[in-house]
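Colleague: Residue numbers (UniProt numbering), protein chains in the order written: chain A, 1 to 524; chain B, 1 to 524.
If you're looking for bench data, these hints aren't it; they were derived computationally from the structure.
Treat the hints with care, since some could be wrong.
As the list claims (entries may be wrong) - With a straight-line Cα cutoff of 25 Å, these simulated SDA-like cross-link-like pairs (lysine to any residue) come out:
| # | chain 1 | residue 1 | chain 2 | residue 2 |
| --- | --- | --- | --- | --- |
| 1 | A | Lys272 | B | Ser505 |
| 2 | A | Lys497 | B | Lys272 |
| 3 | A | Lys497 | B | His392 |
| 4 | B | Lys497 | A | Leu432 |
| 5 | B | Lys497 | A | Gln262 |
| 6 | B | Lys497 | A | Glu486 |
| 7 | A | Lys497 | B | Asn75 |
| 8 | B | Lys516 | A | Leu430 |
| 9 | B | Lys497 | A | Tyr490 |
| 10 | B | Lys497 | A | Arg95 |
| 11 | B | Lys497 | A | Lys3 |
| 12 | B | Lys516 | A | Pro274 |
| 13 | B | Lys272 | A | Gly512 |
| 14 | B | Lys497 | A | Arg106 |
| 15 | A | Lys400 | A | Gly387 |
| 16 | A | Lys516 | B | Gly522 |
| 17 | A | Lys516 | B | Pro142 |
| 18 | A | Lys516 | B | Ala433 |
| 19 | A | Lys497 | B | Pro142 |
| 20 | B | Lys516 | A | Ala280 |
| 21 | A | Lys497 | B | Glu453 |
| 22 | A | Lys516 | B | Gln436 |
| 23 | A | Lys516 | B | Val181 |
| 24 | A | Lys4 | A | Met307 |
| 25 | B | Lys497 | A | Gly431 |
| 26 | B | Lys516 | A | Gly431 |
| 27 | B | Lys516 | A | Pro148 |
| 28 | A | Lys272 | B | Gly522 |
| 29 | B | Lys257 | B | Leu244 |
| 30 | A | Lys3 | A | Asn318 |
| 31 | A | Lys257 | B | Gly522 |
Number of protein chains: 2
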Amino acid sequence: MAKKPNILFIMADQLRADYLGCNGHPTIRTPNIDALAARGVNFTRAYCQAPVCGPSRMSFYTGRYASSHGASYNNVPLRVDERTLGDYLRPEGYRVALVGKTHMRRDVEGMQRLGVDPDSSRGVLISECGFEPYERDDGLHPDQSVNPDLRYNEYLRSQGYESHNPWHDFANSAEGDDGEVLSGWSMRNCHLPARVREEDSETAYTTRRAMDFISESEGEPWCLHLSYIKPHWPYMAPAPYHELYGVDDVLPAARSKQELEQPHPVVGAFMKHPESESFARDEVRERVIPAYMGLITQLDDHIGRLMAFLEARGELDNTLVVLTSDHGDYLGDHWLGEKELFHEASVAVPMIVVDPSTTADATRGQRSERLVEAIDLVPTFVDYAGGGEFDHILEGRSLKSVIEGASPTEWRRYAFSECDYAWRPARLELGLAPDQANAWMVTDGRWKYVHYEHFQPQLFDLAHDPDELNDLGNDEEHRTICRAMEEALYQWCRERKSRITVRNSQVSAATGSAHKRGYLFGIW
Amino acid sequence: MAKKPNILFIMADQLRADYLGCNGHPTIRTPNIDALAARGVNFTRAYCQAPVCGPSRMSFYTGRYASSHGASYNNVPLRVDERTLGDYLRPEGYRVALVGKTHMRRDVEGMQRLGVDPDSSRGVLISECGFEPYERDDGLHPDQSVNPDLRYNEYLRSQGYESHNPWHDFANSAEGDDGEVLSGWSMRNCHLPARVREEDSETAYTTRRAMDFISESEGEPWCLHLSYIKPHWPYMAPAPYHELYGVDDVLPAARSKQELEQPHPVVGAFMKHPESESFARDEVRERVIPAYMGLITQLDDHIGRLMAFLEARGELDNTLVVLTSDHGDYLGDHWLGEKELFHEASVAVPMIVVDPSTTADATRGQRSERLVEAIDLVPTFVDYAGGGEFDHILEGRSLKSVIEGASPTEWRRYAFSECDYAWRPARLELGLAPDQANAWMVTDGRWKYVHYEHFQPQLFDLAHDPDELNDLGNDEEHRTICRAMEEALYQWCRERKSRITVRNSQVSAATGSAHKRGYLFGIW
Numbered sequence: 001m002a003k004k005p006n007i008l009f010i011m012a013d014q015l016r017a018d019y020l021g022c023n024g025h026p027t028i029r030t031p032n033i034d035a036l037a038a039r040g041v042n043f044t045r046a047y048c049q050a051p052v053c054g055p056s057r058m059s060f061y062t063g064r065y066a067s068s069h070g071a072s073y074n075n076v077p078l079r080v081d082e083r084t085l086g087d088y089l090r091p092e093g094y095r096v097a098l099v100g101k102t103h104m105r106r107d108v109e110g111m112q113r114l115g116v117d118p119d120s121s122r123g124v125l126i127s128e129c130g131f132e133p134y135e136r137d138d139g140l141h142p143d144q145s146v147n148p149d150l151r152y153n154e155y156l157r158s159q160g161y162e163s164h165n166p167w168h169d170f171a172n173s174a175e176g177d178d179g180e181v182l183s184g185w186s187m188r189n190c191h192l193p194a195r196v197r198e199e200d201s202e203t204a205y206t207t208r209r210a211m212d213f214i215s216e217s218e219g220e221p222w223c224l225h226l227s228y229i230k231p232h233w234p235y236m237a238p239a240p241y242h243e244l245y246g247v248d249d250v251l252p253a254a255r256s257k258q259e260l261e262q263p264h265p266v267v268g269a270f271m272k273h274p275e276s277e278s279f280a281r282d283e284v285r286e287r288v289i290p291a292y293m294g295l296i297t298q299l300d301d302h303i304g305r306l307m308a309f310l311e312a313r314g315e316l317d318n319t320l321v322v323l324t325s326d327h328g329d330y331l332g333d334h335w336l337g338e339k340e341l342f343h344e345a346s347v348a349v350p351m352i353v354v355d356p357s358t359t360a361d362a363t364r365g366q367r368s369e370r371l372v373e374a375i376d377l378v379p380t381f382v383d384y385a386g387g388g389e390f391d392h393i394l395e396g397r398s399l400k401s402v403i404e405g406a407s408p409t410e411w412r413r414y415a416f417s418e419c420d421y422a423w424r425p426a427r428l429e430l431g432l433a434p435d436q437a438n439a440w441m442v443t444d445g446r447w448k449y450v451h452y453e454h455f456q457p458q459l460f461d462l463a464h465d466p467d468e469l470n471d472l473g474n475d476e477e478h479r480t481i482c483r484a485m486e487e488a489l490y491q492w493c494r495e496r497k498s499r500i501t502v503r504n505s506q507v508s509a510a511t512g513s514a515h516k517r518g519y520l521f522g523i524w
Numbered sequence: 001m002a003k004k005p006n007i008l009f010i011m012a013d014q015l016r017a018d019y020l021g022c023n024g025h026p027t028i029r030t031p032n033i034d035a036l037a038a039r040g041v042n043f044t045r046a047y048c049q050a051p052v053c054g055p056s057r058m059s060f061y062t063g064r065y066a067s068s069h070g071a072s073y074n075n076v077p078l079r080v081d082e083r084t085l086g087d088y089l090r091p092e093g094y095r096v097a098l099v100g101k102t103h104m105r106r107d108v109e110g111m112q113r114l115g116v117d118p119d120s121s122r123g124v125l126i127s128e129c130g131f132e133p134y135e136r137d138d139g140l141h142p143d144q145s146v147n148p149d150l151r152y153n154e155y156l157r158s159q160g161y162e163s164h165n166p167w168h169d170f171a172n173s174a175e176g177d178d179g180e181v182l183s184g185w186s187m188r189n190c191h192l193p194a195r196v197r198e199e200d201s202e203t204a205y206t207t208r209r210a211m212d213f214i215s216e217s218e219g220e221p222w223c224l225h226l227s228y229i230k231p232h233w234p235y236m237a238p239a240p241y242h243e244l245y246g247v248d249d250v251l252p253a254a255r256s257k258q259e260l261e262q263p264h265p266v267v268g269a270f271m272k273h274p275e276s277e278s279f280a281r282d283e284v285r286e287r288v289i290p291a292y293m294g295l296i297t298q299l300d301d302h303i304g305r306l307m308a309f310l311e312a313r314g315e316l317d318n319t320l321v322v323l324t325s326d327h328g329d330y331l332g333d334h335w336l337g338e339k340e341l342f343h344e345a346s347v348a349v350p351m352i353v354v355d356p357s358t359t360a361d362a363t364r365g366q367r368s369e370r371l372v373e374a375i376d377l378v379p380t381f382v383d384y385a386g387g388g389e390f391d392h393i394l395e396g397r398s399l400k401s402v403i404e405g406a407s408p409t410e411w412r413r414y415a416f417s418e419c420d421y422a423w424r425p426a427r428l429e430l431g432l433a434p435d436q437a438n439a440w441m442v443t444d445g446r447w448k449y450v451h452y453e454h455f456q457p458q459l460f461d462l463a464h465d466p467d468e469l470n471d472l473g474n475d476e477e478h479r480t481i482c483r484a485m486e487e488a489l490y491q492w493c494r495e496r497k498s499r500i501t502v503r504n505s506q507v508s509a510a511t512g513s514a515h516k517r518g519y520l521f522g523i524w
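The task is simple: from the sequences and hints, build the whole structure.
Modeller: Okay, here's the thing in structure tokens:
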């Protein structure tokens, strides 16, 4: 790639890493994503920095851990002076835009304090996490708070779907025998087709909007964050995807009787959440998982369409493509629903990076077991864009050299993820204050250790117990491992980057220079 | 105090806690500061959060630890969205101003990114650490970078002190027998009187400017940060203070041969700094320390003058007075000069709080051995001003209840301080990169433990070895203590407050509310 590559940064929402053909799912069909893996590098040990939308995405967009950027949960505003992807790429000549979801909540108090007008062009960028909001849609629109100007609803109405909230009534609901709306909020309806034609569904619409953006962006390099809301709930797939999969495709839940009967206190509190109680039931899994898989295959089809579109425009050879997800989905594994905790179902993410240039030919189609984190994408993109020195802020590391075939021996030994469950009923169940509900995961690829504030830890041997059914956190024999993992976490805590207003090269240049500048202290 | 109290927040620079009469110095005369201690509470175990001007002050002004606010060393800009004292007190109706030093460096990049005009009233406050810069003067003005508009220089010229830089040539230099300027940058000249009349010295001038401010501020509550540059070097005292003290007043240095011969690697690297090599020599100590003490007694006289001024105006009974310092001064203890490391000479600070209201009568004149930190002042001031809920940002705790006679049993068990010596020659001596030169102190009052990144720790028994001459960090018998201190530091790391855009009460109100807001996930 002689000129600066375009960057197509595709994120699915709540897509489990193991629900892809290229990642070993036995029956799901994802030929287009598999084709990406065949063209690029498939990082099979990739972790998000917090297994819940908001904080995970803020880590993806800032290149920093959740406890560094501070937006530790959904709807926690990202403080106004955290840099995001756009701050790094725009100076390199990129148009940096969003189609889809970010879960960004702007820091209203911070903006007011600094006098940033939210309607100014600067204020919009700050509010939108650094992205030009070509089309922002966070994808969850309950009737009581639906934005009357939601563009997707306007689109649906223009196609004849008339209601107060067609997002809900058509795109995310089914229809009963008597024409009644069967809401997608209720998982009992997930086996039915959505009330929209496939081409009007969120995934199809979002893909078209991405194409609109790409068509409009000739002549300058672009970075498009194409951020699909699916396969996140409501788990409503349009026909024919609603019936592509059946009960036979539902893998047994990774869970044990012992987990249920003697749960870790925090995990046990999460098991009492409604979503966990639902997914503990086989009938729920049997109805939801086929729909979830259908949504994934639909997404895959649209990715295929998009790649064909890029190819037809002659842009495929100049576009770096990333496919990832913000976190996974328990789907009943470990008697849990949703995400937030640190089992692989929740914290592992797909991470496929396709560099079409010849310099990456050596790794084409490789699977890499290097530990990779969500925060690696910003440094990777900056690296491809030819950007400057930001290692005083960014906590991830560029994957570019690995993609180009290097085998750096100095790689991270551990990956980390964080959980702030202050907003969840589990916190109340456990009697914790809002600032006490924290947990941290550290893994070296073999062992996974979870430090729960105020509770005993968990330890899993991923090599011999890949389903994470056997908690060794209390096991005398593994005390040394636990201590080593605590030590790694402690060191990580000390290394968080907060000195973000001075570059390391500036520090180097200034070291020992006080006397040169005339501050003659300590001389006789 | 029926109405909101004024707050007079006095800081000396580089004033050792033990160089006050009320703190046990055998010969120094500080009757006015001693009188403050007799009128208030003298916290005798107070620690700064970083024993160097910039980061210490940023902790004093933000109420947050250095690794939370990020301005870890002198001239590291405070990130633009860190709240400071003014942000908390101004909404309570206070005029919040500065006379003297802050060592604040504004975050130019952050301001540019957010479009904050540095010349706007908002931009000035952001640039000046939240203080109205009634008179900002950081007090160190080498000839090569002296601000041509420095007000103190203008004042000196108006008094007949003519030169390019009267700050240096008169206020911080002496005069030789032939009328030549003997620079105060050279400590060999510290026994001589400064070339200014006492009433024109920095300390006198600064006090008068404080009086100007107070005279101007009738009718609204004010918070004045009166921030003296002295007794910080250049150690030049005006007559008669230059000769108040002599060699007999110089206490023996707290240092041992063993420290010199087998130093801790980091301490040893600091011993090679010019200031340490100077202060290792008795002739330097014997010339500097009397001047240092003279500057303190001069400061004390001006504090007495200021109290009399407040009393004459009838404001003494409505003014909370704090006297503290940003850090200490080694003065040759442990073969070191300056500050930065964690021996008591460097990290302990005086902390006297006078609450004149009757509600504080019970503690008048008390000495308190509670562990107190610099970050406690912002919450204390907010508490006195009647301010709101900021425990999601502030990391200190209000001293008000203690000053009013309560004995909270839940108090902090440990105090912490931090050191980032990336800018010092010691880092190069030790072969470290700019982001590797960190150390942390933790003390429970009895034990003081220092964690050095990449080097062995230090441990001192403050009860049996108050001079900290016997490093137990490598001592087998004290391994359990060391481990407990590491555990305390580890916990502290995990508790740093980065989720600063949401109040804890907002978290409580929102906990478990997603369903109420229409997000019906996980239901059947």
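Colleague: A separate judgement is required for each hint: does it hold in the structure or not?
Modeller: Structure-based check of all given hints:
no. : hint                : verdict
1   : A:Lys272 - B:Ser505 : holds, 24 Å
2   : A:Lys497 - B:Lys272 : violated, 29 Å
3   : A:Lys497 - B:His392 : holds, 20 Å
4   : B:Lys497 - A:Leu432 : holds, 17 Å
5   : B:Lys497 - A:Gln262 : violated, 33 Å
6   : B:Lys497 - A:Glu486 : holds, 20 Å
7   : A:Lys497 - B:Asn75  : holds, 17 Å
8   : B:Lys516 - A:Leu430 : holds, 21 Å
9   : B:Lys497 - A:Tyr490 : holds, 16 Å
10  : B:Lys497 - A:Arg95  : violated, 34 Å
11  : B:Lys497 - A:Lys3   : violated, 43 Å
12  : B:Lys516 - A:Pro274 : holds, 13 Å
13  : B:Lys272 - A:Gly512 : holds, 12 Å
14  : B:Lys497 - A:Arg106 : holds, 19 Å
15  : A:Lys400 - A:Gly387 : holds, 13 Å
16  : A:Lys516 - B:Gly522 : violated, 65 Å
17  : A:Lys516 - B:Pro142 : holds, 10 Å
18  : A:Lys516 - B:Ala433 : holds, 21 Å
19  : A:Lys497 - B:Pro142 : violated, 33 Å
20  : B:Lys516 - A:Ala280 : holds, 23 Å
21  : A:Lys497 - B:Glu453 : holds, 15 Å
22  : A:Lys516 - B:Gln436 : holds, 24 Å
23  : A:Lys516 - B:Val181 : holds, 21 Å
24  : A:Lys4 - A:Met307   : holds, 19 Å
25  : B:Lys497 - A:Gly431 : holds, 20 Å
26  : B:Lys516 - A:Gly431 : holds, 22 Å
27  : B:Lys516 - A:Pro148 : holds, 20 Å
28  : A:Lys272 - B:Gly522 : holds, 12 Å
29  : B:Lys257 - B:Leu244 : violated, 31 Å
30  : A:Lys3 - A:Asn318   : holds, 8 Å
31  : A:Lys257 - B:Gly522 : holds, 22 Å
Hint compliance for this structure: hints 2, 5, 10, 11, 16, 19 and 29 are broken, all remaining hints hold.
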